[in-house]
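Kindly generate the complete structure, drawing on both the sequences and the hints.
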Amino acid sequence: MKKYYFIAVIFIFGMVGFTNAQITGSVLDEEGTPLPGASIVIKGTTTGTTTDFDGNFTIEASMGDVLVVSYIGFETLQVTVNNSVMDIRLTSGVALSEVIIVGSRNPNRTATESTVPVDVIDMTELNNVAPQVNLNQILNYVAPSFTSNTQTISDGTDHIDPASLRGLGPDQVLVLINGKRRHTSSLINVNGTFGRGSVGTDLNAIPAAAIQRIEVLRDGAAAQYGSDAIAGVINIILNKNVNELTTTVTTGANFTKNANDQTGGVDGETTNISASYGIPLGDNGGFINLSGDFDVREEYSRMKEWEGTIFNLYNTVERVASSDGYDIANLLDDDVADVIQYTDQAGIDRNGATTKEDLRTILGADATTAELAARGQQRSDYNMRVGQSALRGGRLFANFSLPLDDIGTTLYSFAGISSRTGNSAGFYRLPNQSRTYTPAYIDGFLPEINSNIKDQSISIGIKGMVGDWSVDLSNTYGKNSFLYTIGNTFNASMQNSSPTFFDAGGFSFLQNTSNLDITQFFEDVMYGLNIAFGAEYRVENYDIVAGEEPSYAQYTANGQRITLASQQPSQDFFGNSRPGGSQVFPGFAPSNELSRGRSSVAGYFDVEADFSEAFLASFATRYENYSDFGGTINFKLAGRFKATENLNIRGALNTGFRAPSLHQINFNSTSTIFDNQGNPQEVGTFANDSRAASLLGIPQLKEETSQSVSLGLTAKIPDANLTITVDGYFVKINDRVVYTGQFSGPGTGTELDNLLRQANATAASFFANAIDTESKGLDIVVTHRTDLGANWRLKSDLAGTFSKTKKVGDINASEVLRNAGLIETYFPEDSRVYLEEAVPRTKINLSNSLTSDKFIIFLRNVYFGEVTEATTTVANQQVFGTKLVTDLSVGYKATDALTLTLGANNLFDIYPDRAKDEFGNRSDGRFDWSRRAQQFGIGGRFLFARLNFTLK
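Taken in order, the sequence shown gives residues -21 to -1, 1 to 931; the numbers are from mature numbering (1 follows the signal peptide of the UniProt record, and there is no 0).
In short, the hints are calculated from the structure, not lab data. For each residue, glycine too, the CB sits at the ideal point set by N, CA and C. Treat the hints with care, since some could be wrong.
[What the hints assert, rightly or not] Pair by pair, the computed Cβ-Cβ distance ranges are:
1) 43 to 493: 31 to 39 angstroms
2) 863 to 373: 34 to 42 angstroms
3) 390 to 874: 36 to 44 angstroms
4) 577 to 688: 30 to 38 angstroms
[What the hints assert, rightly or not] Capping the alpha-carbon separation at 27 angstroms, the derived lysine-lysine pairs in DSSO-like fashion look like this:
5) 931 to 219
6) 755 to 783
7) 695 to 22
8) 681 to 711
9) 681 to 236
10) 621 to 695
11) 833 to 862
12) 335 to 159
13) 681 to 783
14) 785 to 872
15) 785 to 711
16) 872 to 774
17) 783 to 862
18) 442 to 219
19) 681 to 785
20) 433 to 219
21) 219 to 895
22) 755 to 786
23) 458 to 442
24) 755 to 862
25) 458 to 774
26) 786 to 681
27) 895 to 283
Shown next as structure tokens:
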């Protein structure tokens, strides 16, 4: 696929030339800085040239000719030749008329002229004025069809934000960098969040400072780009700037009424430092650009106060015994003399109880109020951290291009590394729970999940001309790893022998993709014909690495690891079995450990033809064969009709597919998942080729398939400087992969019971092609630009998405499940809500940017539609209403090099609706706002300051 370097603008236009002349000149930006590599084409011809590194050019033209001057990141300009020396200044900003890379292999296609909707997002502007600094949140606020939010109390998903396009799954959008496939994360989302059961791409591993622009293709494209592109494609174009050093420091925090567990003040402090610098290479437009950033994000919490029970009378006995210097671990043995002694010393009426069984009845009574007073504590001392995880990380990307001759042969490469550590917390382990070993934590404990996420990628290729064909040969490698260490926690079954810090293991995913892309544009065939074909070979590998034994094992009271069903785990005073493994996140066991790989080979053909000045049509087909599930062939047919000079009608039909990820096929583990009442369940995730899956009649995974149609229009009103695009779509997905509900054994010693016991679990979940879905929606984008006087310019963008996804038809369950009455467990009600209603189906964004020589004023209002609490109990499904969030920033250009910006995200401190008591989802005060249904997070007002320093 040809990248971008030249823009050929072909119109039917005739002029009489007066004299032939050699025209020389320069192309500059608004500040007079030369623009190397700018394209200058004589309108109505294919004659053109590019500027050198000083921005200078020479071209043979006639007086009266019109030169079309373009440069990526700037508005295209048409100027008439009226002098032999010309200085041309371009205005920054990516317009919809900019040449695009994604969605079409025609090197001349623009966003408004394309057959499918493409959003072009200028990151240069957003990096200066937007409050957000990570890529997920930037896109969440600027692209209405894109949704991503920080999650809470969801294990690894606290550290990597799931994202979606058009309300479909995180794994149904394909991410490209410079047109090359990006690898996905190694994390699979299995806890209570939107996108449960899916694998997404970690966009936050890419520094925003490294990005020139982002192209969001809002249409199915599996026939062009392969698996995953059911919802669309996000193509990230990296920086190519040279002779310019840009450094930015952004710092901010939440200044909100609900900060610090709803007491007010400031929390969630964030600092980001970024830099970008490029140097020219050679004399033909070569370059290398290095961009990176480092950030620190502190946690915040929005839980006010724990309202449930904390202590029982046995905890009172423990406190009294501990105050007396007694080792309270001895209270657990069968000799209850010490228990009786300290029960009496505490003033507790035993009612004559002298046996352990009788004492259990007496000492199980609630004693929360009295114990809080006796210990000098408050209920808020037992709060969880409900909000944002802490993160610290750095990212570095390089973008390189070196022309090898004067006919377009170019060696290119881009690469990136990132390292991120995170810290989040789980549910508080209370003193009155069997999973809390009180001799070690007499007041209970808040376990922490520490993540170590590393990402590496490199792509290298060469492109050039072979005859009249443009050939691009490349290889792209990427790997993501995610390791867990669990701190401030305990393996309760080990009792006094347990460590408090565990290596819990982790996983990694590797992808290597080789591509050959061949294209040619036939200018003289009809009104232009572009043919493209190519091949791809991809290798993937997924690994699970075991943690240390105490992180996953369960032990007897004598300290023996349990390996047989006849062995009994250690117990608390009340006879409850103590769970094994590290609390909050049990580690991966050797039985979970694996290394699985696969390969795929693909070939595609793509043709795009301008049959007339008014009618364009394209056809693409792609065959792909996977080593683990076979082959698939897909098609796409698209067209555009130019009804008038300023009105286009476009549409597309396509089929698509998504291969189940290696993660979904192979992931297996045991994790602590809390049910709707906040009660912990040790849930084992079993692979589909496991014995547990066979017992329940759950088949092996197969690919998802899709059919989609889109229809839209683009309109320009030149006199009003207005551009409008409207696109409707319909997507049907068959055999969609979901994460099932929790299957429990009958508890009668069956084979399923034994399998669960071996996995240290009480229930089992699987990945399954359980449902078919339909999605439909409407996307609208309106762009307006105008000059206000001599020095002010106003740019306004109104964009909205209106979407709906629903399950259709029966659940795709086996006869075994149907006969057992387990269909509602196979695809439970909360999974339906996650799919259909847990993220906004309506989102509208109005952005206004007012600029002058000295000031940049940015105002954005985002309307978030309603969402529904994802719970299995229909009566508890509270609907959270619509909200409007306002961002405002003001930038002042103190000098040519220095810009200061102050601003706010969520200026008016808006929060989602609170969870109401009558719906029963607050979990005794843990969740005053839903953790399962997200609109824009619960951080509240975020104020920031930014310093931007640029040397040219």
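Consistency of the hints with the structure:
Hint check: residue 43 to residue 493, Cβ distance near 49 angstroms, so the stated range 31 to 39 angstroms is violated. For the pair residue 863 and residue 373, the supplied restraint of 34 to 42 angstroms holds, since their beta-carbon distance comes to about 35 angstroms. Restraint check, residue 390 to residue 874: a C-beta distance of roughly 38 angstroms satisfies the suggested window 36 to 44 angstroms. The supplied range of 30 to 38 angstroms is met by residue 577 and residue 688, whose beta-carbon atoms lie about 31 angstroms from each other.
Under the criterion of a C-alpha separation no larger than 27 angstroms, the hint pairing residue 931 with residue 219 is consistent with the structure, at around 14 angstroms. Distance check on the hinted pair: residue 755 and residue 783 sit about 6 angstroms apart at the alpha-carbon level, within 27 angstroms; holds. For the suggested pair residue 695 and residue 22, the alpha carbons sit about 20 angstroms apart, so the restraint of at most 27 angstroms is met. Of the pairs offered as hints, the one joining residue 681 and residue 711 holds, with about 17 angstroms between alpha carbons and a cut-off of 27 angstroms not exceeded.
Annotation: proposed proximity of residue 681 to residue 236 is violated, straight-line Cα distance about 49 angstroms (limit 27 angstroms). The straight-line distance between the Cα atoms of residue 621 and residue 695 is roughly 12 angstroms, inside the 27 angstroms bound, and the hint therefore holds. For the suggested pair residue 833 and residue 862, the alpha carbons sit about 33 angstroms apart, so the restraint of at most 27 angstroms is broken. About 67 angstroms separates the Cα atoms of residue 335 and residue 159, which puts this hinted pair outside 27 angstroms; it is violated.
Taken as a hint, the residue 681 and residue 783 pair is honoured in the structure, with Cα atoms around 25 angstroms apart against an allowance of 27 angstroms. Restraint check for residue 785 and residue 872: not satisfied, since their Cα atoms lie roughly 49 angstroms apart, outside the 27 angstroms limit. A hinted pair counts as satisfied when its Cα atoms are at most 27 angstroms apart, and residue 785 with residue 711 qualifies at roughly 10 angstroms. Taken as a hint, the residue 872 and residue 774 pair is honoured in the structure, with Cα atoms around 18 angstroms apart against an allowance of 27 angstroms.
Annotation: proposed proximity of residue 783 to residue 862 holds, straight-line Cα distance about 18 angstroms (limit 27 angstroms). Straight-line distance between C-alpha atoms of residue 442 and residue 219 comes to about 17 angstroms, which keeps the hinted pair within the 27 angstroms bound. Only pairs whose Cα atoms come within 27 angstroms are accepted, and residue 681 paired with residue 785 is accepted, the gap being roughly 21 angstroms. Among the hinted pairs, residue 433 with residue 219 is consistent with the structure: their alpha-carbon atoms are about 25 angstroms apart, no more than 27 angstroms.
Of the supplied pair hints, the one linking residue 219 and residue 895 is violated, its CA atoms being roughly 51 angstroms apart against a limit of 27 angstroms. A distance of roughly 12 angstroms separates the Cα atoms of residue 755 and residue 786; the hinted pair therefore holds under the 27 angstroms criterion. For the given pair, residue 458 sits about 25 angstroms from residue 442 by alpha-carbon distance, which is consistent with the 27 angstroms threshold. Of the pairs offered as hints, the one joining residue 755 and residue 862 holds, with about 23 angstroms between alpha carbons and a cut-off of 27 angstroms not exceeded.
A C-alpha spacing of about 40 angstroms is found between residue 458 and residue 774, which places the hinted pair above 27 angstroms, so the restraint is violated. Our distance criterion of 27 angstroms between C-alpha atoms is met by residue 786 and residue 681, whose separation comes to about 18 angstroms. Between residue 895 and residue 283 the alpha-carbon distance is near 14 angstroms, which keeps this suggested pair within the 27 angstroms criterion.
The structure fails hints 1, 9, 11, 12, 14, 21, 25 (numbered hints given earlier, in ascending order).
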